[in-house]
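Using the sequences and the accompanying hints, generate a full structural model.
Number of protein chains: 2
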Amino acid sequence: MDVSRLTSKGRATRARIVNAAAEQVRAHGLETLSLDAVGTATSTSRSQLFHYFPQGKRGLLRAVFQHEIAELTAAQEPALHDLSSRRSWEAWRDGLSVYYFTQGRWTCPLTALAAQVVATDEDLSAWLIAQSTTWRQTLATGVAAIQHRRQPNDQDEDLAATMICQIQGGLIMGRIDRSPESLRAALRRILDWIPAQAA
Amino acid sequence: MDVSRLTSKGRATRARIVNAAAEQVRAHGLETLSLDAVGTATSTSRSQLFHYFPQGKRGLLRAVFQHEIAELTAAQEPALHDLSSRRSWEAWRDGLSVYYFTQGRWTCPLTALAAQVVATDEDLSAWLIAQSTTWRQTLATGVAAIQHRRQPNDQDEDLAATMICQIQGGLIMGRIDRSPESLRAALRRILDWIPAQAA
DNA sequence: AACGTTTTGGATCGCACGGTCCATTGTTGG
DNA sequence: CCAACAATGGACCGTGCGATCCAAAACGTT
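Chains as they are written, first to last, in UniProt numbering: chain A, 1 to 199; chain B, 1 to 199.
One or more of the hints may lead you astray.
Any copy, or any two copies together, can satisfy a pair, since identical chains are not distinguished.
What the hints assert, rightly or not - Derived lysine to any residue pairs resembling SDA-like cross-links, with alpha carbons at most 25 Å apart: (1) Lys-57 / Arg-178; (2) Lys-57 / Val-3; (3) Lys-57 / Asp-177; (4) Lys-57 / Asp-82; (5) Lys-57 / Ser-85; (6) Lys-57 / Val-117; (7) Lys-57 / His-28; (8) Lys-57 / Ala-37.
If you're looking for bench data, these hints aren't it; they were derived computationally from the structure.
Just so we're clear, the structure is a prediction, and the values are computed from it rather than from any experiment.
Encoded structure:
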C-alpha cells in the first residue's frame, strides 16, 4: 500500500482502522482480533480494509505494531536522546510511567504479542528485532553518557538489557496476577542500577 | 474427567496426548495448537481427546500448563526449599539453567502463554496466579533464610519479585530477538541481588 | 461536463477447526 | 463366559473468519 497515494480522506479512514484494531488488541489480545469486529467498530466495509491493507490481517497487524511502538518511543522523548544527567534519566522513567499507567497500558502485553507474531511473520519479526536493538543501544549510550563516555561498552549494553528485561518482566507478571504492582516496582528501582553521575 | 477411573492404558494415552500438545505449544505457540494436529501426532481419534478432556481444548490446555509448571518446579528442587546458603542458591540457579537450556526451553514462553489465557479461562487464571504467588513467596522465604530470618519481610518479597521479573523478561526478550543471551545474562546476575550470607 | 482514480458497499467463497454423535472394539471383574 | 464399562474410530455439523470479487458511488482534475 503506497500511503502517499492516499487522499486525506483515505488516510483518515486508514488511521481509524489502525486505531480500532490497536484498541481491540489492547483489550482482548491478538487471537480474538477479527476483521469483522474492526469493520463494525469503524463502520467500514470489507473491501476498505483490504484496500488499505492488501496484505490483509498481517498487514493490519504490522501497522498496529508500528503504531504502538511509535507511541512508546514518543513517550520517552526527548529525554531518551540525552541521558547524560540523572535528571534526564528521571524524566525518561517518568515518561515511561505515564505511558504505561495512563489508559491502562500496563495490561497491554506489547512484547508478549510480539513474541507471538515472531513465529508467523518473518518481516515483522525482523522489524521488531531492529526496534528492540535500537532501544537497547540508545539506553546503553545513555548509560555511557552519564559516565562521560561517548561509546558504550559491553557492560553498558548489559545494563541496558537488564533494564529492558526488568520492565518487560514487570509487565508480563502484572498481566498474570492482574496488578500493576510488578511494573510499578520495576520502574521504581530501574534507576538504581545506573552508576551515579561523575562530578 | 476422573483420572482415577482410568485404565493404565487410558492413563498412558492421556499422557501421550498431553505430551504431544505440550510439545506443539512449545514449538508453535497457543494460537496454532489444533486438535487435529494433536490427534495426528499421537494417532488418536477425536473421540479419545474428548473422552479424556471433556472440556475440550480448554481442558487440554489446563493439563498442558500443569504439566509444564510441574517440570519447572521439579527443576528447582531440592534447593528451592532450602535456600539458606549461598551454595544452595547456586544449585537453584543451576537447576533453572538446566531446565531452560536443555531441550530449548528458553524459546517456550510459558509466561507469555499464561498472559494469553488469563483473558479467556478464569479457572486456569486463578490457578496460575496461585502458582506464581507460591513461587515468589518461596523465593522470599529463601532470601530471608540466608539472612538468618525465618519470616520474609516486604523487602524480601520485593527482591523475590525482582528476580522472577528478571527471568521472565530475559525469556521474552530472547524469544523476540531469538537468542538465549538475555536469559543467560539474567541468570548470570540473578544472585547478585541477594545479600551475602551473614557469618 | 467528462474522465480517471480513489473510496466504499456488500455478497459470496472456502476452509480450518472445535465440537457432537453413534457405532465398534477392547478390557476387566464377577 | 458374560455383562458393564472403558477405549477407540471416524463421519458429520456449525460456524467464525479471512479472503476475493464485482460493482457503484464519491472525488479530484482539466
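Results for each hint:
Taking CA atoms no more than 25 Å apart as the test, Lys-57 paired with Arg-178 passes between copies only; the shortest distance there is 24 Å, against 29 Å inside one copy. Taking the closest pair of Cα atoms, Lys-57 and Val-3 come within 25 Å of each other only inside a single copy of the chain (17 Å); across copies the shortest separation is 41 Å, beyond that limit. Proximity of Lys-57 to Asp-177 under the C-alpha cut-off of 25 Å is restricted to the inter-copy arrangement: shortest distance 23 Å between copies versus 30 Å within a copy. Proximity of Lys-57 and Asp-82 under a CA criterion of 25 Å is satisfied in neither setting, with 38 Å inside one chain copy and 50 Å between copies.
In the homo-oligomer, the alpha carbons of Lys-57 and Ser-85 never lie at most 25 Å apart, since the shortest distance is 43 Å inside one protomer and 53 Å across protomers. For a Cα distance limit of 25 Å, the shortest separation of Lys-57 from Val-117 qualifies both inside one copy, at 12 Å, and across copies, at 22 Å. Proximity of Lys-57 to His-28 under the C-alpha cut-off of 25 Å is found in both arrangements, the shortest distances being 16 Å within a copy and 19 Å between copies. Proximity of Lys-57 and Ala-37 under a CA criterion of 25 Å is satisfied in both settings, with 12 Å inside one chain copy and 24 Å between copies.
Hint compliance for this structure: hints 4 and 5 are broken, all remaining hints hold.
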